[in-house]
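A.B. asks: In case you want the letters, here they are:
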Amino acid sequence: MIEPIVKPRRKNPLLRTRLPTSPPRARSRASHGFTRAAAEGRFMLQRCDACGTFCYPARDACPACLSADLVFADAPRRGTLLSETTLHVPADVHFRERAPWRVGLVAMECGPTLVTHLHADCEEGRPVVMSFQLDKSGQAVAFAHPERETPNMADDRQWREMTADPKFRRVLVTNGRSIVGQETVAALRAAGASIVFVGVAEPWKPFRGEDALRALEGVQIVPLDIGDEKSVADLAADIGGKVDILVNTSEHVRAGGLLDRQGTSVVRDEIDQSYLGFVHLAQAFGPAMRMRGSDGVNSAAAWVNILSVYALANWPMFGAYSASQAACLSLSHSLRAELRPGGVKVVNVFTGPLDIEWFQMVPPPKVAPRAVASAIVSALKRGLEDVFVGDVAEDIRQRLAANPKAVERELGA
Amino acid sequence: MDSNGLMQFAGAVASGAVRVVDLTFTLSPEFPVIVLPPEFGQAAPVRIQQISRYDASGPAWYWNNLTFGEHTGTHFDAPIHWFTGKDLPNNSVDTLPVRDMIAPACVIDCSAQAAKDADFLLTIPVVEAWEKSHGRIPERHWVLLRTDWSKKGWRDYANLKDDGAHTPGPDPAVMRWLVEERGVIGFGTETIGTDAGQAGHLDPPYPAHHFLHGRGRYGLQCLCNLDQLPPTGAVIVAAPLKIQNGSGSPLRVLALVPGQG
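Heads up: the sequence lines are chains A and B, in that order.
In terms of our numbering, the first sequence has 691 at position 321, counting the first letter as 1, and numbering is strictly consecutive.
In terms of our numbering, the second sequence has 427 at position 248, counting the first letter as 1, and numbering is strictly consecutive.
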């Protein structure tokens with residue numbers, strides 16, 4: 371039975387903050403098939419193309435027929451917990467701090483046996499559902515849940531280490547002027563965030579949804595112009611130590627590529643708002659978040675970017691926008707590596723065209739702002755790293771996996 | 180004037196016999212700027228990017244890189260800024276005569292009217308009534324419209340509603356008249372823009388820009404402290420940056436007025 375998490379008390383300012391430690395980080399190249407699966411929330415195992423055997427852990431030859439044709443494929447998640455062990459005094463520093471820690475052996479219905487971390491409600495001999503999760507070192511580990519839902523399931527201590535659940539965490543949503551930003555604020559509050567700070571630039575300019583935003587409980591509007599380094603630094607000076615999750619909802623969408631635009635004033639805005647804004651936020655908020663990755667129930671846990679799926683493949687109708695998003699995508703990978711020592715996840719939520727005025731001329735399907743907000747909360751609760759929202763994003767993802775050159779030509783048609 | 184007169188003037192400034200009033204807002208990212216429809220090119224927001232501050236990036240010095248549009252904060256409009264002035268000679272900030280950068284000003288107080296009506300328009304009768312008390316506006320003088328708008332909080336200062344900005348300014352007739360009948364050197368306001376917030380709906384649209392720049396005259400906006408100036412007798416120093424082919428620039432606008440000393 372899981373005891374529900376209690377809202378943490380105010381931090382004792384006289385005590386040293388526990389610094390983040392990492393679980394073992396080393397992985398083989400082959401095993402990064404699990405990293406990719408965990409990042410997207412998929413359950414994949416190597417399966418032999420010659421004889422069909424599923425195997426685990428990752429290897430270079432099939433244990434049944436020695437074929438080298440091992441391919442990662444989606445696999446059934448069901449298994450049975452064979453045995454479990456509780457570690458009371460692990461040697462590893464990271465787990466020592468988190469003892470007692472439960473691990474077990476699970477026999478998968480599809481064949482292999484996995485060593486796995488266990489949800490507290492898993493019982494020996496009973497069915498479990500498996501997932502791969504990115505742990506605090508950013509590497510994939512197996513995790514078992516009981517097959518049937520149990521009370522306060524999400525509050526499991528070991529599960530919370532694998533995820534960035536907004537419950538009882540304090541969140542900064544960087545831009546409340548956009549509908550996506552406003553929906554994100556509402557969704558995070560509904561998911562149990564203790565407070566949501568929401569940034570608004572140029573407060574002298576009114577915006578749609580302002581009255582409703584100001585009226586929300588547990589939501590604090592803060593001045594934040596992410597293009598202005600001082601504005602970002604000043605906000606971090608005030609609340610930098612209290613941001614457990616940062617969601618960058620900055621939004622600057624304009625149509626146009628290279629030759630159908632004159633001059634660079636729009637490009638300058640794209641770079642200023644998207645790229646430089648990212649840099650300012652990272653420099654101001656990143657170090658404190660990285661340091662607070664192990665700081666209790668409301669530790670710093672995640673940085674969320676909303677990126678256009680066209681960051682992965684340029685769409686010339688929005689060519690300049692695609693390029694600025696691609697630049698931000700690359701920055702996000704750098705940030706991911708730089709925040710990893712703190713155990714803070716960088717989550718990229720890729721979306722196709724949004725259902726907002728700047729994509730007015732684009733035919734459906736388009737993504738509703740509320741869908742983006744839901745995807746963000748879901749990604750945080752499941753500990754995902756790469757999320758694709760809506761039909762267009764998923765379609766581009768699949769087509770890129772099949773043949774990137776075809777995608778380039780088709781988007782440029 | 181001989182050099183003794185100039186030295187007397189310098190001494191008067193130093194002693195306070197001539198008081199220097201700063202009519203300029205501080206240039207910062209927070210100050211409201213003109214908002215154009217999103218389809219148009221937007222002025223760059225003010226960006227102050229620190230290069231170093233007595234640190235590893237520069238141990239003994241502090242300095243910044245700046246980004247701003249020519250028409251940001253307290254700023255000067257040159258004739259080349261508007262299509263009506265585009266073909267005039269010496270119409271950009273780097274070519275206009277420097278002697279025009281020092282000129283006397285007439286200050287017309289419409290703060291009472293502006294307090295009642297955000298869309299107050301300056302008209303010929305209002306100026307003629309002012310002239311009854313203070314004399315005819317001389318040629319090559321600035322006309323500054325005092326509305327005390329600069330004292331507002333910035334939300335009310337920009338006063339953006341769902342049909343655009345609502346701020347005071349001149350009507351078309353008074354602008355044509357000031358330029359043609361009074362030969363003013365320029366027109367200055369406390370608001371964002373020499374024209375009223377709703378001036379896009381006047382005929383011609385944006386009459387201050389239209390008539391001033393069409394005849395090679397200048398604009399000043401986002402001025403403050405106009406309430407410290409006498410109706411006549413202040414001398415304005417307004418020297419825009421010498422930007423190559425520039426249409427305007429943020430600048431320091433100073434008013435010299437009789438002081439205590």
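Derived from the structure by calculation, the hints contain no laboratory data.
Any given hint could be a false lead.
[To be verified] Derived SDA-like pairs: lysine to any residue, alpha-carbon spacing no greater than 25 Å straight-line:
no., chain 1, residue 1, chain 2, residue 2
1, A, Lys575, B, Cys403
2, B, Lys331, A, Ile565
3, B, Lys265, A, Gly633
4, A, Lys377, A, Pro576
5, A, Lys575, B, Gly379
6, B, Lys340, B, Gly248
7, A, Lys600, B, Leu206
8, A, Lys751, A, Gly666
9, A, Lys600, B, Glu218
10, B, Lys311, B, Glu359
11, A, Lys612, A, Val637
12, A, Lys775, A, Arg740
13, B, Lys340, A, Arg584
14, B, Lys331, A, Ile609
15, A, Lys612, A, Gly689
16, A, Lys600, A, Met661
17, A, Lys600, B, Ile230
18, A, Lys575, A, Lys537
19, B, Lys340, A, Lys377
20, A, Lys751, A, Arg429
21, B, Lys265, B, Ile227
22, A, Lys612, A, Arg624
23, B, Lys331, A, Lys775
24, B, Lys330, B, Glu359
25, A, Lys600, A, Leu646
26, A, Lys600, B, Lys421
27, B, Lys295, B, Pro276
28, A, Lys575, A, His515
29, B, Lys331, A, Gly633
30, B, Lys331, A, Leu646
31, A, Lys537, A, Leu389
32, B, Lys330, A, Ile565
33, B, Lys295, A, Lys377
34, A, Lys736, B, Glu218
35, B, Lys421, B, Ile227
36, B, Lys340, A, Pro374
37, A, Lys600, B, Glu359
38, A, Lys600, B, Trp333
39, B, Lys330, B, Phe247
40, A, Lys575, B, Thr205
A.B. asks: Indicate, hint by hint, whether the structure satisfies it.
C.D. replies: Here is what the structure says about each hint:
1. A:Lys575 x B:Cys403: 21 Å, holds
2. B:Lys331 x A:Ile565: 32 Å, violated
3. B:Lys265 x A:Gly633: The given pair, whose Cα atoms are some 20 Å apart, holds under the 25 Å limit.
4. A:Lys377 x A:Pro576: Given pair Lys377 (chain A), Pro576 (chain A) is violated - Cα atoms ~35 Å apart, limit 25 Å.
5. A:Lys575 x B:Gly379: 19 Å, holds
6. B:Lys340 x B:Gly248: 24 Å, holds
7. A:Lys600 x B:Leu206: 14 Å, holds
8. A:Lys751 x A:Gly666: Distance of about 17 Å is within 25 Å: holds.
9. A:Lys600 x B:Glu218: 28 Å, violated
10. B:Lys311 x B:Glu359: 19 Å, holds
11. A:Lys612 x A:Val637: 34 Å, violated
12. A:Lys775 x A:Arg740: 32 Å, violated
13. B:Lys340 x A:Arg584: 18 Å, holds
14. B:Lys331 x A:Ile609: Not OK: Lys331 (chain B) and Ile609 (chain A) at ~29 Å, beyond 25 Å, violated.
15. A:Lys612 x A:Gly689: 37 Å, violated
16. A:Lys600 x A:Met661: 22 Å, holds
17. A:Lys600 x B:Ile230: Roughly 13 Å separates the two Cα atoms, so the pair holds.
18. A:Lys575 x A:Lys537: 33 Å, violated
19. B:Lys340 x A:Lys377: 42 Å, violated
20. A:Lys751 x A:Arg429: 30 Å, violated
21. B:Lys265 x B:Ile227: 31 Å, violated
22. A:Lys612 x A:Arg624: 34 Å, violated
23. B:Lys331 x A:Lys775: 57 Å, violated
24. B:Lys330 x B:Glu359: Violated: Lys330 (chain B) and Glu359 (chain B) sit about 32 Å apart, past 25 Å.
25. A:Lys600 x A:Leu646: 12 Å, holds
26. A:Lys600 x B:Lys421: 28 Å, violated
27. B:Lys295 x B:Pro276: 39 Å, violated
28. A:Lys575 x A:His515: 49 Å, violated
29. B:Lys331 x A:Gly633: 36 Å, violated
30. B:Lys331 x A:Leu646: 32 Å, violated
31. A:Lys537 x A:Leu389: 22 Å, holds
32. B:Lys330 x A:Ile565: 35 Å, violated
33. B:Lys295 x A:Lys377: 52 Å, violated
34. A:Lys736 x B:Glu218: Holds - the C-alpha atoms of Glu218 (chain B) and Lys736 (chain A) are around 22 Å apart, at most 25 Å.
35. B:Lys421 x B:Ile227: 20 Å, holds
36. B:Lys340 x A:Pro374: Answer violated: Lys340 (chain B) to Pro374 (chain A) is near 48 Å, above 25 Å.
37. A:Lys600 x B:Glu359: 46 Å, violated
38. A:Lys600 x B:Trp333: 19 Å, holds
39. B:Lys330 x B:Phe247: Given that 25 Å is the threshold and the Cα spacing comes to 23 Å, the pair holds.
40. A:Lys575 x B:Thr205: 19 Å, holds
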